[in-house]
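Visitor: Protein chains in written order, with this note's numbering: chain A, 1 to 407; chain B, 1 to 407.
Rather than coming from a laboratory, the hints here were simulated on the basis of the structure. Incorrect hints may appear among the rest.
[Unchecked claim] Computed Cβ-Cβ distance ranges for the label pairs, DEER-style:
1. A:Ser-400 / B:Thr-61: 36 to 44 Å
2. A:Arg-214 / B:Thr-61: 31 to 39 Å
3. A:Val-358 / B:Thr-61: 35 to 43 Å
[As the list claims (entries may be wrong)] Pulled from the structure, derived: some chain B residues nowhere near chain A, Cβ distances all over 10 Å:
4. Gln-112
5. Ala-347
6. Val-352
7. Gly-395
8. Tyr-398
Since the model is a prediction, treat every value here as computed from it, not as a measurement. For each residue, glycine too, the CB sits at the ideal point set by N, CA and C.
Protein chains: 2
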Amino acid sequence: MNLPRGFLASGVRSGVRKKRPDLALIVVGGGSGRGGTGVAAAPATAAALFTRNRFQAAPVTISRESLRATGGRVRGVVINAGCANAVTGRAGHAAARRVQAAAAGLLSCARQEILLASTGVIGVMLPDAKLRAALPAALMRLSSSGLAAASHAILTTDVGPKVAQATYRWNGRRGRLVGFGKGAGMIHPNMATMLAFVMTDAPATAPFLKAALRRAADESFHTISVDGDTSTNDTVMVLASGRLPGPRMAGATSPATASFRRALTEVCRQLAFMIVRDGEGATRLMEIQVNGARTAKDAQLAAHAVATSPLVKTALFSGDPNWGRILATVGRSGARFSPRNVTLKVADLTLVEHGSPVAYRERDAARRFAKDRVLITIDLGSGGGSASRITCDLGHDYVSLNADYRS
Amino acid sequence: MNLPRGFLASGVRSGVRKKRPDLALIVVGGGSGRGGTGVAAAPATAAALFTRNRFQAAPVTISRESLRATGGRVRGVVINAGCANAVTGRAGHAAARRVQAAAAGLLSCARQEILLASTGVIGVMLPDAKLRAALPAALMRLSSSGLAAASHAILTTDVGPKVAQATYRWNGRRGRLVGFGKGAGMIHPNMATMLAFVMTDAPATAPFLKAALRRAADESFHTISVDGDTSTNDTVMVLASGRLPGPRMAGATSPATASFRRALTEVCRQLAFMIVRDGEGATRLMEIQVNGARTAKDAQLAAHAVATSPLVKTALFSGDPNWGRILATVGRSGARFSPRNVTLKVADLTLVEHGSPVAYRERDAARRFAKDRVLITIDLGSGGGSASRITCDLGHDYVSLNADYRS
């Protein structure tokens with residue numbers, strides 16, 4: 001898949017991880033073709049959402065400050081895997097700054113026009129010399145078809161790369177969005193870092209991008225990982241090269257930009273699903289839809305508790321129609337409701353009504369719980385609040401992967 | 001171990017679980033020796049703490065109401081394993097009432113003088129006919145040495161029985177407390193039911209017992225399972241036969257009762273530790289001590305997040321000194337603090353100071369993380385709030401046990 005006009009990417013080995021690519025580069029450019037540095041005359045506009053964890057990794061702090069300093073002007077993004085550069089104090093911050101400065105030097109731009117993202121082990125100092133030494137090679141390999149290499153280079157325990165695209169209409173023309181990301185970890189409760197980068201040719205202002213990204217994230221990444229329940233490094237970025245001719249996109253809710261906003265949400269949703277499906281060792285997904293809650297907050301509490309319950313997730317692993325664990329989890333979630341109003345369904349089959357089990361054939365329930373994707377609908381019968389979460393099962397591979405991850 | 005004076009117990013098979021004892025009976029009595037019904041002239045006084053889950057199992061509702069109706073007067077307790085009788089609606093409530101009435105009939109007492117507790121699968125109707133049919137056999141086997149049988153009969157996925165005892169001084173004499181319990185499940189986040197029953201010969205009033213039990217639970221069961229984060233059936237009971245001569249114990253904080261209160265806390269702490277150590281498939285414990293939080297609530301948020309993090313628990317399983325996951329979990333816990341004030345120690349070894357890693361030998365950290373019991377101390381450097389939690393690791397046995405539990 002080619003990148004949208006105005007972007008080049010590459011992925012190389014820096015040596016931080018053994019024997020696999022671990023450094024990705026995105027550069028705003030694309031006029032000069034494969035092999036050149038290809039830096040464009042005009043920078044991209046950009047917006048990003050970062051983790052709300054109290055411990056914010058150095059690349060998060062630096063990217064946030066840089067975006068603020070430039071008002072959302074970006075020339076390049078440097079992403080590394082293998083070291084999160086989190087909880088590394090001033091020395092870690094300085095190391096990240098050196099990577100940023102090295103990339104800026106190579107691209108002949110201001111330091112703050114380079115954004116950073118890292119994923120990997122926490123509490124280990126960034127081996128920034130390795131990254132800086134690998135940057136020239138990453139620059140040499142930049143290409144409009146560099147997405148495959150870049151999307152591979154950012155993975156940690158992910159089974160495979162995650163890439164999504166969508167198109168939109170603007171000013172009578174068709175534009176493109178291409179995104180890539182990484183997740184793994186149980187996502188939810190999420191200590192594994194989630195990274196996502198979406199590139200588009202849209203002529204969008206930075207404030208417009210920010211507003212559109214917030215809404216898209218609410219309907220995608222936030223259904224798999226809620227505010228605050230994030231790693232030290234979680235980052236979602238959208239970059240717009242402005243190569244699609246037409247007036248600037250602005251006005252967060254204008255109908256004219258609806259096509260773009262829908263497409264951005266679609267790309268984010270695809271990436272979010274791929275991240276859950278690839279949850280470390282996951283074999284099965286569960287979608288939890290909570291309706292009829294007193295408030296949206298009550299619905300979120302209930303859906304979140306179910307999506308993060310190890311007992312629900314291990315039952316999902318074995319395809320066990322153990323709805324009792326699901327309701328017991330809802331009961332301890334903090335959501336307010338009366339048990340006797342509760343209804344629970346798996347797919348189209350009602351299992352509980354008025355808080356009591358109904359007559360159903362165990363075989364019918366078992367078949368629905370054994371599918372690749374299990375939809376649980378819980379109606380609390382207490383109001384109009386609703387929320388949904390997507391989660392994956394917890395099996396032996398999860399334990400193996402996470403028990404060994406530091407090695 | 002003999003029961004305190006005034007109590008008899010037994011454990012038998014009712015057939016709810018295949019091929020293992022699943023029905024325990026405690027009766028206030030003991031004058032008439034082994035084999036008799038042994039109902040005492042005087043009932044025991046009792047107090048209990050129940051789950052705060054919105055879904056409360058039928059035995060919880062009935063025991064709570066019964067205690068209220070009698071003012072804490074108890075003749076017997078019927079405990080069954082294999083079926084939680086939770087989320088079973090009115091039919092489940094009626095089934096539990098029939099068990100209560102049957103036991104009351106056999107013991108010639110009022111229905112409300114019988115308390116109930118159940119543990120097992122949620123959402124399955126109680127096979128009360130089996131329990132009622134087994135009650136006469138349970139009665140026949142009542143004995144002052146029936147603790148071993150009773151403590152076996154209440155287990156589900158527990159590896160083994162949990163029994164604890166302590167002594168106290170009152171009125172110049174030595175009295176006894178004997179408790180037994182069951183847990184398993186990850187405890188925390190706890191969907192597996194925790195049950196504990198403590199018997200004593202103390203001449204205590206019910207209000208005194210209630211106050212003493214609350215305090216004891218705060219320093220024991222609540223450090224492994226916090227308010228609200230409980231199953232549908234969690235129950236902790238204390239029963240006092242009053243066979244120790246002397247004035248009645250009353251006054252929740254009187255110095256004269258300090259010895260008894262300490263002993264009750266000690267029994268509860270022992271049971272709580274046994275429950276965590278026996279967490280499904282657990283191989284290692286972690287004690288998380290959070291100090292220097294802005295408030296006690298902040299400390300609890302931080303300690304709870306670490307104790308329930310699957311990523312921390314899988315790292316603990318492999319003995320991996322992955323303190324980065326611990327701090328990242330503290331960072332998303334909702335506790336308020338400044339990362340640069342944070343200190344983290346494992347046992348006596350400081351790993352993080354002022355929010356940055358200090359120089360230590362990996363080998364020294366690894367050795368401390370590989371112990372059977374790992375003590376993590378986190379100082380948030382933000383105030384005087386503190387809290388502690390105990391948790392166990394999450395390994396392959398956890399997945400196997402919980403994926404198969406319904407069978």
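Visitor: Now tell me if each hint is right for this structure.
Guide: Now for the hints, and whether the structure bears them out:
1. A:Ser-400 / B:Thr-61: 36 to 44 Å: holds (42 Å)
2. A:Arg-214 / B:Thr-61: 31 to 39 Å: violated (45 Å)
3. A:Val-358 / B:Thr-61: 35 to 43 Å: Violated: the Cβ-Cβ distance is about 21 Å, outside 35 to 43 Å.
4. Gln-112: For B:Gln-112, whose nearest Cβ neighbour in chain A is about 23 Å away, the distance exceeds 10 Å, so it holds.
5. Ala-347: Holds, because the least Cβ-Cβ distance between B:Ala-347 and chain A comes to about 18 Å, which exceeds 10 Å.
6. Val-352: violated (7 Å)
7. Gly-395: violated (6 Å)
8. Tyr-398: Label violated. Min Cβ-Cβ 7 Å, cutoff 10 Å.
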